[in-house]
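Trainee: Read in order, the letters of the sequence shown correspond to residues 1 to 488 in the working numbering.
Treat the hints with caution; some may be incorrect.
[Unchecked claim] With a straight-line Cα cutoff of 30 Å, these simulated DSSO-like cross-link-like pairs (lysine-lysine) come out:
no., residue 1, residue 2
1, K329, K444
2, K293, K329
3, K62, K216
4, K187, K475
[To be verified] Computed Cβ-Cβ distance ranges for the label pairs, DEER-style:
no., residue 1, residue 2, range
5, A397, T26, 47 to 55 Å
6, Q25, E89, 38 to 46 Å
7, D291, F410, 55 to 63 Å
8, A460, S115, 17 to 25 Å
9, H424, T250, 37 to 45 Å
10, A476, T58, 44 to 52 Å
11, D150, Q25, 43 to 51 Å
Hints are computed from structural coordinates only; laboratory data are not their basis. From the three backbone atoms N, C-alpha and C, an ideal C-beta is built for every residue, glycine too.
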Amino acid sequence: MTARKGLEGGRYQPLTPADIDRIHQTSMEVFAEIGVQVNFPAALDLFAAAGAEVDRQTCIVKMPADLVEKIIGRAPPIIHLCGRDPEGEHDCEIGGTRVYMGTGGTALNVQEPGSDDIRRSTTRDIMDMARMVDALEHIHYYMLNVYPNDVTVENVDVNRFAAAVNRTEKHIMGGVYTVEGVRNVIKMAEIIAGSPEALRRRPFISMVTCPISPFKLDQAYGELTMEAARNNIPVVVPTEPLCGATAPVTLAGNLVVQNVDSLAGIMLAQLTNPGTPCLYGCISSITDLRDLKYLAGAVEMGLMNAGAAQMAQYYRLPFYATAGMTDSKVVDAQAGYESSMTSLLVALAGANFIHDAAGFIEFCLTASFDKLVVDNEILGMTMRAVEGIRVDDETLALKELKKAGPGGQFVTSRHTRRHMRQEHYRPQLSDRDSREQWQKKGAKNTRQRATERCREILDAPPRSVLPEDLRRRIKAEIPGLQAFLMED
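Put together the whole structure using the sequences plus the hints.
Mentor: In structure tokens, the structure reads:
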């Protein structure tokens, strides 16, 4: 089946133009009157040199709207996150209202195929998840989705990226943890690309750093943002304001916080290196006000990320969105309806890079192999909805209607044969058999069929996507790698 990707969304708009303007104006008032706390001198120097008002005692940076708009205007409106296949089939053109969907990060646990139990994730899980993503056609990229609990913090970055690059040709994005780790990941990617220039022309890796809501750029992630920007590596600085906790309880108030926070991160990247490919990022959600627990499957998450898509489009910035998760602990009906609801809302809004949309359960704490397969089906259906209804002479089929006439049929029509494979989404996992056929095949439910598909992928011999000479060079030149990562 041909994967639908990069289709134009934007039909769903929860914000009116007046709403967008009010959120923008309120955000500009925050920048001018409240300010953003920037907790490290190098970044304060950049903001001061750009003309912002900087209080060195409190580390508060304030700036007028025209300065904010001038700085974010340096960010490119469209960026390319590339795959490594020669035909460019896995490339993603991020910007406007084009939609791509994939995994997210970073869970601490995994749920193995067919199991309801969980265990701590390891580096090998990253490799296996990469194999799954490579085989599932509606997952457009691999965002590193689990944390390798078997690796020291100093070596997490390079092991996470290395675990993926030898198992998938799709674009790889990942959160980063140390400056030295960022440098080693970039060096490894340059080896694979053939040169630093080749990597910048076709970046097959990108990075995620995170400010702190509300209105705070801390030193650790600020330095990581600046390191990625200095190297001209695509970077997203997403924020996660939570209604009633780190943002007002109202969705509009949350959108103001996330807008300010994300624009502050983009400004830091642009001040470090104007023109750095950046994504405006949103991970906004709500809290369970009984215990202030983060909720991943709330419909309000879908609403806010759809609204944030409109804000990104307003600023002409590529957009990194969040959708497709569930608070369920297993792959059940709740997992299905929560994930599909937010994925559909955010995709229809024209969000560009929708992460977390495949594989996550349990408040984003656990990555499930089975749910990757279920979500692959959900994403295929979601992208068919984004595609919409094509209306032209060919699809209106007046010629066919005249030919068939009253009481006619279209089963044997050439028009039917010509369009049947693309006009209707054909599920790979869903059951559309009669009851008798379903029973003859074992009367399996969706979860059981997903487990079978997982085993089919994971039981096949692993495929190395890097040539042997590159694997040898990476092992020799990149410190801290686990030995098995570059195996065949």
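Trainee: None of the hints should be skipped; say for each whether it holds.
Mentor: Outcome of the hint check:
Distance restraint check for K329 and K444: the Cα-Cα separation of roughly 21 Å lies within the 30 Å cut-off, and the hinted pair is therefore satisfied. About 15 Å separates the Cα atoms of K293 and K329, which keeps this hinted pair within 30 Å; it holds. For the proposed pair K62 and K216, the alpha carbon gap of about 12 Å is at most 30 Å, so the pair holds. A hinted pair counts as satisfied when its Cα atoms are at most 30 Å apart, and K187 with K475 qualifies at roughly 12 Å.
The given range of 47 to 55 Å is respected by A397 and T26, whose C-beta atoms sit roughly 49 Å from each other. A C-beta distance of roughly 42 Å is found between Q25 and E89, which places it inside the suggested range of 38 to 46 Å. Between D291 and F410 the Cβ separation comes to about 56 Å, which falls inside the hinted range of 55 to 63 Å. A beta carbon spacing of about 20 Å between A460 and S115 agrees with the range 17 to 25 Å that was offered as a hint.
Range check, H424 to T250: about 41 Å between beta-carbon atoms, so the 37 to 45 Å window is met. Taking the beta carbon of each, A476 and T58 are about 48 Å apart, inside 44 to 52 Å as hinted. Restraint check, D150 to Q25: a C-beta distance of roughly 49 Å satisfies the suggested window 43 to 51 Å.
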